[in-house]
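Chemist: Taken in sequence, the protein lines are chains A and B.
For what it's worth, this note's numbering labels the leading residue of the first sequence as 1, then goes sequentially.
For what it's worth, this note's numbering labels the leading residue of the second sequence as 1, then goes sequentially.
What the hints contain is simulated information worked out from the structure, not anything from laboratory work.
Treat the hints with care, since some could be wrong.
[As the list claims (entries may be wrong)] Across the chosen pairs, the derived CB separations fall in these ranges:
hint, chain 1, residue 1, chain 2, residue 2, range
1, A, Ile206, B, Glu133, 34 to 42 angstroms
2, B, Gly25, A, Gln121, 34 to 42 angstroms
3, A, Thr306, B, Glu133, 47 to 55 angstroms
4, A, Leu318, B, Asp83, 58 to 66 angstroms
Glycine residues also receive a C-beta, built at the ideal position from the N, C-alpha and C atoms.
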Amino acid sequence: MLRKEVNELLTQTGPDAAMGKMFRQYWIPALLAEELPEDDCPPVRVKLLSERLIAFRDSDGKYGLMDEFCAHRGVSLWFGRNEEGGLRCPYHGWKYDTTGQCIEVPSEPADSGFCEKIKLQAYPLIKIGDILWTYMGPKDDEPPHPEFEFATVPSNQTFTSKRFQESNWLQAMEGGIDSSHVSFLHSGSLNTDPLFKGARGNQYNIADKMPFFEVVKHDGGLYVGARRNAEDGKYYWRITPWVMPCFTMVPPRGDHPIHGHFWIPIDDENCWAWSFDYHPTRALSDVEMEALEGGKGVHCEYVPGTYIPKANKTNDYLVDRQAQKEGRYYSGVEGIAIQDSSLQESMGPIVDRTKENLVSTDNGVIMARQMLKKAVTALRDKGVTPPGVDPAHHRTRSVSVVLPPDQAFAEVCEEDLKAATGKPHTSV
Amino acid sequence: MISQTVKATTAAESHYRISAPNSKGRSSLVLGLEASSASLLGELAGLEWNGARFRTVVPTDDAGKSAKDLNVNADDLVLQAPDGELSRLSDELASTDVVVMFARSGEAAQAASVVGEAAFGRRLMTAGFVLDEQDDRKALEATLTAVRPFVISLVVGPDAEAFSETLSAIRA
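In isolation and in its complexed conformation, chain A is listed as follows (with noise of 0.2 angstroms):
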């Protein structure tokens, strides 16, 4: 249960509200590179903490993120054409850099320096691994770039997608951190998923349904550690890192890649949820890559032509009720992605948390939820850099381990939760 001030303080991430600003405080994915292919490709539309924006890489591979709309008259710069060092509007020819600087305006005098005073709000985009970040926050305070380790491997050995969700990213980003849902919406999904299937883990969480949960604090955010019976008297642990405000990553199975989402609000009602699977050591395989490219695993198909999932809310989710009768799909949807996103949806667009009724198993969503709240009032208060904006807190790495019952993960793992180049993950 959460009140409603709360609520609202935490779900709330336009310019104005407090969230926002601290969401401004990090480097966030705002495309993937794939959408601004080539020099002077079409410009994208790109809507991002409630800011409507226009993307696009100009004729020297410089990429811009700036206001959408022509200073002039309003217009939409996705008709712009993007040409010639700048994108510029075809209704009146008005053109801008990568800067958000306007560099012509047709109209004027070219020696009168009007369009010099024209400048729309741009911000810094840069690409790292297969993703396009942005920085929205006060320049003077722009941080370091991002070391998530999925992002900074060879590039054959990660693969990053993302998908569009109708909803509020808070109830997104809290399904990440919830390690108890696992053993059933996406149960018919472990032994089958070509990502997931044949680790020796997978049986431990389907024979032992009522995990342990301890959560423990690092300095970028939570580990959530969810304990289960294994051989022997010894238990198996799945340990998921939280990096504030929206980074979690997926324990891992086997050899199977890692896999872990970033959960970037678009406005208060929609988000996008990134997923990546990556491996530390070697490259993806070719059964690996189809798989991931087929929307397997924390991945999905799409609308041809959209990252709208293939399966979504105006089909019911291609919803299977004889699948869910013989356990095929625990809720009758297929693929894990839209087993969460399918359920999130249907809280509506931002759930009331004053109707829940928690239990101590959630306390990874409870604990997040306070460490969101602290770090933005003392933001909002005290002007406290968050938790999960310096580097070091991007170096985590998730976890599954068997151990002896008088042994904690916190500290036995220790090394196995910091990433490290070419050094090999901890996976059951």
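Given chain A, put chain B in place with the hints provided.
Modeler: Just chain B now, with coordinates in the frame of chain A:
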């Protein structure tokens, strides 16, 4: 078939969610495992709760006469309420749905085993909160080791406010 979900998931439709209460009150027993918790739990008890009861385990040495008066067996404990009233763990558990054990980092928290066994035997939910105000990993681990086997959910929290908010979140 036309999707029913499109309309059902709008913000407008969310307003039609029934506002009648969707749960009955649960009885939470918030239990300080060491006498040093008494003052904090006493403060928390003064806040508004949904029926949560706050008790502290009375140390064995101090419980001699009390234990005798209350007929407390070896698998039971003497508890003390903020107003000083004594009771038996077994009696408290009879009207409890969830037991939230509380300890500070570095405390022995030996009572966790008695509480845990008693709660498991009655098939009650158990949770643990360890307050970590000092940066002493070894001390923290000692307390976690004592509590871990006897709780379904274990949280290491940074301050008393986090504990209070955790209790609020579960409608204690």
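Chemist: If a hint holds in the structure, say so; if it does not, say that too.
Modeler: How the hints compare with the structure:
1. A/Ile206 <-> B/Glu133: 34 to 42 angstroms: Roughly 39 angstroms apart at Cβ, these two residues keep to the hinted range, so it holds.
2. B/Gly25 <-> A/Gln121: 34 to 42 angstroms: Violated: the Cβ-Cβ distance is about 51 angstroms, outside 34 to 42 angstroms.
3. A/Thr306 <-> B/Glu133: 47 to 55 angstroms: Distance hint for A/Thr306, B/Glu133 holds at roughly 50 angstroms.
4. A/Leu318 <-> B/Asp83: 58 to 66 angstroms: holds, 59 angstroms
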